[in-house]
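Undergrad: Using the hints, position chain H against chain L.
Order-wise, the sequence lines are chains L and H. This note's numbering numbers the first residue of the first sequence as 1 and each following residue consecutively. This note's numbering numbers the first residue of the second sequence as 1 and each following residue consecutively.
Just so you know, the hints here were simulated from the structure itself, not pulled from any lab data. These numbers come from a predicted model, not from an experiment. Heads up, the beta-carbon is just placed ideally off N, CA and C, and yes, glycines get one too. Careful, some of the hints might be misleading.
To give an idea of the chain L side of the interface with chain H (calculated C-beta under 10 Å), a few residues [unchecked claim]:
(1) HIS16
(2) PHE18
(3) TYR30
(4) ALA125
(5) PRO130
(6) SER168
(7) SER177
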Amino acid sequence: MNDADLWRSFRSGDDHAFSLLYQSYIEVLYKYGHKLTVDSELVEDAIQDMFIELWNSRQRLSDTDSVKFYLFRVLRRKITQNPLARKTTDCGVEVMDQKFFSGSAENQLIAAESENTRKKMLGRALLKLPPRQQEVVNLRFFNEFNHQQIADIMNISIQSVHNTLQKSMKGLREILSDYTEIILVITLICLCK
Amino acid sequence: MNYLLFEPEDFALDEFFCRWVLEPTPESEIFWRDWLNDFPGKNKEIEIARQLVLVATCDDEISPSQLTIDKIWEGIQNGKQTKVKDFQNIRFWMKLAAAITILCLAFAGYFYKRVQNHTYRTAFGESRRLSLPDGSLVTLNANSRLRISNRWGMAKEREVWIEGEAFFSVNKLKRSGVPVKFVVHTPDLDVEVKGTEFNVNTRKNQTQVVLSEGSINLHLWGIEKKNEIRMKPGDLVDFSQNNKKLLVRHLKDASPVFSWKNNRWTLNDTSLEEISSLIRETYGVTVTIEEDSLRRKKICGIVPTDNMDDLLSSLESILPITILHYENQLIIRTR
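Just chain L, with the same shape it has in the complex:
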């Protein structure tokens, strides 16, 4: 069953379709929510509220081209309109964890052995970007929304989306240039595998 069918069944009151919708989107929504606030409880509450409201107003909802887009937009509004979310935007994220990058080369290679560790390391590079840039990168690369959709989700102009993406790529490049060698080694290892 594709998303559009799932959505239609859910709107006609199919409990199973509703549960499938929840199962397929909970993880990406949860992760995206954490780009907007560090408060896990707030993210959980917002997701819970959103799904409750979806169910209770299902007969009033219309067809949608992209269920994912719809859910992201509603979730963002829910979280950003919560006054508690605000204090977290300027919260500095822990600088890239030193333990992955210091220590002997041997240690680094061992750390790089596991694919999982590599992902963690790369993820930490992302966390050095300002929150807003992290959000745009998450929407564009991890969730594969197009620029227009991102603009609509974040309620900003398409030009701002473009600029913020450019800025984040530049920022990321600078962050990475400090660690280029390590990452090259890791990438090579992963390619050889």
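TA: Quick look at chain H alone, frame taken from chain L:
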């Protein structure tokens, strides 16, 4: 697509390139291998871009645990409205009566609030798009207030009051064949329109009106004669009731005046002093310029205003200045 002019960032943001990095197909593999053969000098850029894509797509957030997923789902199940089955039950009817009473009270409260509270406000650094009951759109700039008439929809005129700055895009409205006027009140003047687009700014103890489209009538306060002005597109009117100062100008291009609603300022020989007062009004911070010579420095260009830090860093890149930012205070000095 001319990839030759691309920086690594541009590659990373290119859909086709990105697909190749993440899910190469025989076609894209051939394309990029050939391309690199043709331009071997670009090897390094491509490698950096590949890394950017890999980093940007990686999953940096912690996944919710199964426990969390179940907990949220349970909360959802509990919040769902359930269908009522037992109509005979007397307790059901009692509950229903109680619910209806509460609902009525809530509605009464809601309408009371609606009549009372028809004011929209924006905080420092926030701009908001509002849609009025007649479909007209208002973009409210930071630190501004828009009040709507309590008798909106009943009166002959659609009346609003503005403090701060707003861009209006007014819909034409007819009631039983008669056009309904839209009136914007400021401390200095009234703007009367039928359907058009214009900007109103009441900062600096005066009112400035700039017309983008259509035509509008102004009614100036505190003047006996000749207090009506008819504006054409591109006209700019400054008026202050306090000192009765009136200034009428025609702008070749009025759009820079409204550029704030797209989160940017168009600066045209604007002095650092004027920019400082814009920053003060928009973001609610105090701004100190350390040297007098800096105040008169002028800037031409377009700067982003989505958030203050971006704005400050672009000012720093245009002028030889450093801007120090402590909580609610900015200090500008020569670099």
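Undergrad: Next step is simple, just say for each hint if it's right about the structure.
TA: Right, here's what the structure says about each hint:
For HIS16/L, the shortest C-beta to C-beta distance to chain H is roughly 13 Å, which exceeds 10 Å, and the interface hint is violated. The interface hint given for PHE18/L is met, as the beta carbon of that residue sits about 9 Å from the closest beta carbon of chain H, less than 10 Å. Here the hint on TYR30/L is kept, as its CB sits about 4 Å from the closest CB of chain H, short of 10 Å. Hint status for ALA125/L relative to chain H: holds, with the closest Cβ pair at about 5 Å, below 10 Å.
With 10 Å as the threshold, the beta carbon of PRO130/L comes within range of chain H, its nearest partner Cβ sitting at about 8 Å, so the hint holds. For SER168/L, the shortest C-beta to C-beta distance to chain H is roughly 8 Å, which falls under 10 Å, so the interface hint holds. Interface restraint check for SER177/L: the shortest CB-CB distance to chain H comes to about 8 Å, inside 10 Å, so the restraint holds.
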